[in-house]
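> Heads up: the sequence lines are chains A and B, in that order.
Numbers 1 to 554, taken from the numbering used here, label the letters of the first sequence in order.
Numbers 1001 to 1225, taken from the numbering used here, label the letters of the second sequence in order.
Careful: at least some of the hints might be erroneous.
Derived EDC-like pairs: lysine to aspartate or glutamate, alpha-carbon spacing no greater than 20 Å straight-line [unchecked claim]:
hint	chain 1	residue 1	chain 2	residue 2
1	B	Lys1183	A	Asp462
2	A	Lys466	A	Asp434
3	B	Lys1198	A	Asp22
4	A	Lys447	B	Asp1089
5	B	Lys1183	A	Asp453
6	B	Lys1202	A	Glu23
7	B	Lys1183	A	Asp11
8	A	Lys231	B	Asp1112
9	B	Lys1048	A	Asp462
10	A	Lys447	A	Glu383
11	A	Lys231	B	Glu1088
12	B	Lys1177	A	Glu45
13	B	Lys1183	A	Glu431
14	B	Lys1177	A	Asp462
15	A	Lys418	A	Asp343
16	A	Lys466	B	Asp1147
17	A	Lys418	A	Asp448
18	A	Lys451	B	Glu1217
19	B	Lys1146	A	Asp22
20	B	Lys1202	A	Asp61
21	A	Lys447	B	Asp1147
22	B	Lys1198	A	Glu26
23	A	Lys39	A	Asp22
24	B	Lys1218	A	Glu485
25	B	Lys1146	A	Asp448
26	A	Lys231	B	Asp1147
27	A	Lys495	A	Glu485
28	A	Lys418	A	Asp394
29	B	Lys1146	A	Asp462
30	B	Lys1198	A	Asp448
31	B	Lys1048	A	Glu26
32	B	Lys1180	A	Glu273
33	B	Lys1198	A	Asp462
34	A	Lys17	B	Asp1147
35	B	Lys1202	A	Asp463
36	B	Lys1146	A	Glu480
None of these hints come from the bench; they were simulated from the model.
Bear in mind the structure is a predicted one, so any value in this text is a computation, not a measurement.
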Amino acid sequence: MKRSKRIEALDRRAVNKDGFIDEWPEMGFVAMSSPYDPKPSITIENGVITELDGKKRGDFDFLDQFIADYTIRVDRAKESMALSSLEIARMIVDIQTPRKEILKIISGITPAKMVEIINHLNVVEMMMGMQKMRARKVPGNQAHITNLKDDPVQIAADAAEGALRGFSEEETTTGVARYAPFNAIALLIGSQVGRKGVLTQCAVEEATELELGIRGLTTYAETLSVYGTEKVFIDGDDTPYSKAFLNSAYASRGLKVRFTSGSGSEVLMGSSERKSMLYLECKCLFMTKGAGAQGIQNGSVSCIGVTASVPSGIREVIGENLVAALLGLECASSNDQSFSNSDMRRTARTMLQFMPGTDFIFSGYAAEPNYDNMFAGSNFDAEDFDDYNVLQRDMQVDGGLRPVTEEEVIRVRREAGKAVQAVFKYLGLTEVTDEQVEAVTYAHGSKDTLKRDVASDLMAADDLMKRGITGIDVVQALMESGFTELAQSILNMLKQRVIGDYMHTAAILDEDFQVMSGVNTPNDYLGPGTGYRVTGKRWEEIKAIPHRINVNEF
Amino acid sequence: MEVNEQLIRAITQAVIKELQKNGSVPAAEAGNAGNTQTLAGRTRMRPKHSYEGAEKAPQGTDPKEIVIGVGAAFQTEIRATITGIPLEDVIRNVRAGIEEEGMTSRVVKVLDTSDVGFMALQSARLSGSGIGIGIQSKGTTVIHQKDLYPLTNLELFPQAPLMTLDTYRAIGRNAAKYVKGEKVTPIESTNDPMVRAKFQVKAALMHIIETEQLDPEKGMIKWEV
């Protein structure tokens, strides 16, 4: 066939490199509604749920049983289930119905009922729902801090710059698993250089992650993964009960923690039980609520390539974020994984969380170039910082970030590098040279830094774990090396675990280490003139992007 | 016997009905409108392979031995990785890497899980040295050690599209060095931030093919390559 030049031009567009597939409910390739999804129903006998969404108690799998026993409020179920799904959907959008009333109704519904409700909403209505149902009054943002070399100096510098740019939480992970303690320590130190009170975590295998937390080398945890089918749960060597137990283990040491789920994972692992992605995600979220977790990271997360491949997939993603908020959970709403070759498409996807605001719009945003992002690429990266700042300014929306100056960036990067150098020296870990600190200070990514002796680093990291080094040792090392203020900041972060207030829903800390959560600063949006508005000092900050025309010098 | 049109139609219908029952072709009426393909009603990617008579892989005792555990669809339903590297070349290179370091290898097929972490851990537990390698048919690979937590590892290569034959050879060499207790420098991490956009749907389909071939009763079987 003779080719049309128009069609050839279109074929070359970035969006046509993305993966798309038709709906296929038998394999779980269906976003919002599968013909095999159950219909909502509930039967309660003597205070026990004996039938849930068309399944008798005797046929429950462990997710059904967990949800029936720990999530659904039996005392409210009759009243809530009597309301039609359409009625509840309308109340979610209605500016006269307060968040608290919705939370009460939702506490008595079943997962299948939730699916029906969400299916009544279009994306604008979902965003209106999110604007009202988000737990914390002020939205927030989270960064990924990683690099290809697992270079601790770069982690500290990027963490400092990220904190300076406004991220309230920072998450690292490793290229090589055994680097975990180095990455955790570097992130802990660097974050406090950029802005006091930033929370940090190291996403690694769960037992290691818990140990790092208990030792005070991290200040929260996120990667407690849950799944929507029993089969996938078992494949991960887990049950809802073991996850609830792990959640309690963190709580017992006063650490903030949230779960992680997201649509598409069951499809990717080949065990979707023919259900829609939204239904399976509702199972995850109901389970999370029942386990007593304060929050969740969700929105397809690392399986976004699957969810985004089917019709209405991106609508499903904001839909599942809204389900989390409806259940009263803190929602760290993904946007943390690259899924599209098209700049237009990846930006549009993020607007659904950016415009209404969520507790953490990204979970997280790559605060390094994406080639250094060891979560296999985020939806936005360090090269998008200015675009993002302009979007905040264009729409007068608080996306959690702020413009910075080059001088500030260089200053905090250098100080973070020097602090890590001092701590490594004091604790007898591998050497950090002045040249390395200097290279990292001015670097964009790991292509601009020096090579490290990986084998020696790993031996030192193993040794650090064997010696039982804790957060207090880091404080001491900083103190003894002359970093008094930084030592005090990290001590203040460790004190949070004794105070415990930051375990409340959607908690972040301000620069005075004061908690802002859904409990002491709850979202009170009820239509125009209410809720959080971008005004005053914060609006001035957002306005001040670099590259404005200076009229005086024109 | 006279073969007329009516008879042929009857036979065809009977065959289609049978195929629909085991899910190999979609039911015609389940087709969706418009010009999207008809996938509804189809329940499998590939027919089930029979492992009737397969021999169970024995526990290894040779301290120089590394077990390579391959995925359920390896070299049967799937013959090349997600980027088209032939699977026999993958195996040949991993084994060559192991031999270069003076260790020996044995290939088994893992039929009770398609999770690469568990494939690698089970291979490590089966191997005489306690070091094992798990390789999914799409190419994702893990080096594991028998006494580590399941979801941790010695080295993980999560992005199958970035794998080359050199990487597979280096994996074999490093696995052998772990056996020898040497100071090992892990293979340098690689990263393509656009890999999900380009490959995740294909990865999901390949994993479905692998997972639907599982045969948990058989466990781990001998696999000749």
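> Run every hint past the structure and note whether it holds.
Results for each hint:
1. Distance check on the hinted pair: Lys1183 of chain B and Asp462 of chain A sit about 13 Å apart at the alpha-carbon level, within 20 Å; holds.
2. Distance restraint check for Lys466 of chain A and Asp434 of chain A: the Cα-Cα separation of roughly 28 Å exceeds the 20 Å cut-off, and the hinted pair is therefore not satisfied.
3. For the suggested pair Lys1198 of chain B and Asp22 of chain A, the alpha carbons sit about 16 Å apart, so the restraint of at most 20 Å is met.
4. This hinted pair does not check out: Lys447 of chain A and Asp1089 of chain B have alpha carbons roughly 32 Å apart, beyond 20 Å.
5. Among the hinted pairs, Lys1183 of chain B with Asp453 of chain A is consistent with the structure: their alpha-carbon atoms are about 12 Å apart, no more than 20 Å.
6. Between Lys1202 of chain B and Glu23 of chain A the CA atoms are separated by roughly 15 Å; this keeps the pair inside 20 Å, and the hint holds.
7. For the hint linking Lys1183 of chain B to Asp11 of chain A, the alpha-carbon distance of about 50 Å lies beyond 20 Å, and the restraint is violated.
8. Between Lys231 of chain A and Asp1112 of chain B the alpha-carbon distance is near 13 Å, which keeps this suggested pair within the 20 Å criterion.
9. Under the criterion of a C-alpha separation no larger than 20 Å, the hint pairing Lys1048 of chain B with Asp462 of chain A is inconsistent with the structure, at around 45 Å.
10. A C-alpha spacing of about 15 Å is found between Lys447 of chain A and Glu383 of chain A, which places the hinted pair at or below 20 Å, so the restraint holds.
11. Our distance criterion of 20 Å between C-alpha atoms is broken by Lys231 of chain A and Glu1088 of chain B, whose separation comes to about 31 Å.
12. Under the criterion of a C-alpha separation no larger than 20 Å, the hint pairing Lys1177 of chain B with Glu45 of chain A is inconsistent with the structure, at around 62 Å.
13. For the hint linking Lys1183 of chain B to Glu431 of chain A, the alpha-carbon distance of about 18 Å falls within 20 Å, and the restraint holds.
14. Using a Cα cut-off of 20 Å, the hinted pair Lys1177 of chain B and Asp462 of chain A holds, with the two alpha carbons roughly 18 Å apart.
15. A C-alpha spacing of about 37 Å is found between Lys418 of chain A and Asp343 of chain A, which places the hinted pair above 20 Å, so the restraint is violated.
16. Taken as a hint, the Lys466 of chain A and Asp1147 of chain B pair is honoured in the structure, with Cα atoms around 17 Å apart against an allowance of 20 Å.
17. Between Lys418 of chain A and Asp448 of chain A, the direct Cα distance comes to roughly 18 Å. Compliance with the 20 Å bound is thereby established for this hinted pair.
18. A threshold of 20 Å between alpha carbons decides the hint, and for Lys451 of chain A with Glu1217 of chain B the separation of about 48 Å lies outside it, so the pair is violated.
19. In summary, the hint linking Lys1146 of chain B to Asp22 of chain A is not supported, as the alpha carbons are separated by about 41 Å, beyond the 20 Å threshold.
20. Using a Cα cut-off of 20 Å, the hinted pair Lys1202 of chain B and Asp61 of chain A is violated, with the two alpha carbons roughly 30 Å apart.
21. About 36 Å separates the Cα atoms of Lys447 of chain A and Asp1147 of chain B, which puts this hinted pair outside 20 Å; it is violated.
22. Only pairs whose Cα atoms come within 20 Å are accepted, and Lys1198 of chain B paired with Glu26 of chain A is rejected, the gap being roughly 23 Å.
23. About 24 Å separates the Cα atoms of Lys39 of chain A and Asp22 of chain A, which puts this hinted pair outside 20 Å; it is violated.
24. Using a Cα cut-off of 20 Å, the hinted pair Lys1218 of chain B and Glu485 of chain A is violated, with the two alpha carbons roughly 61 Å apart.
25. At roughly 38 Å between alpha-carbon atoms, Lys1146 of chain B and Asp448 of chain A are farther apart than 20 Å, so this suggested pair is violated.
26. As the CA atoms of Lys231 of chain A and Asp1147 of chain B are separated by approximately 24 Å, the hinted pair breaks the 20 Å bound.
27. Of the supplied pair hints, the one linking Lys495 of chain A and Glu485 of chain A holds, its CA atoms being roughly 15 Å apart against a limit of 20 Å.
28. Our distance criterion of 20 Å between C-alpha atoms is broken by Lys418 of chain A and Asp394 of chain A, whose separation comes to about 37 Å.
29. Straight-line distance between C-alpha atoms of Lys1146 of chain B and Asp462 of chain A comes to about 18 Å, which keeps the hinted pair within the 20 Å bound.
30. For the proposed pair Lys1198 of chain B and Asp448 of chain A, the alpha carbon gap of about 27 Å is over 20 Å, so the pair is violated.
31. With a CA separation close to 17 Å, the supplied pair Lys1048 of chain B and Glu26 of chain A stays within the 20 Å bound.
32. Distance restraint check for Lys1180 of chain B and Glu273 of chain A: the Cα-Cα separation of roughly 44 Å exceeds the 20 Å cut-off, and the hinted pair is therefore not satisfied.
33. Proposed proximity of Lys1198 of chain B and Asp462 of chain A is contradicted: the alpha carbons are some 36 Å apart, above 20 Å.
34. This hinted pair does not check out: Lys17 of chain A and Asp1147 of chain B have alpha carbons roughly 42 Å apart, beyond 20 Å.
35. The suggested pairing of Lys1202 of chain B with Asp463 of chain A is violated, with an alpha-carbon distance near 41 Å, which exceeds 20 Å.
36. A hinted pair counts as satisfied when its Cα atoms are at most 20 Å apart, and Lys1146 of chain B with Glu480 of chain A does not qualify at roughly 41 Å.
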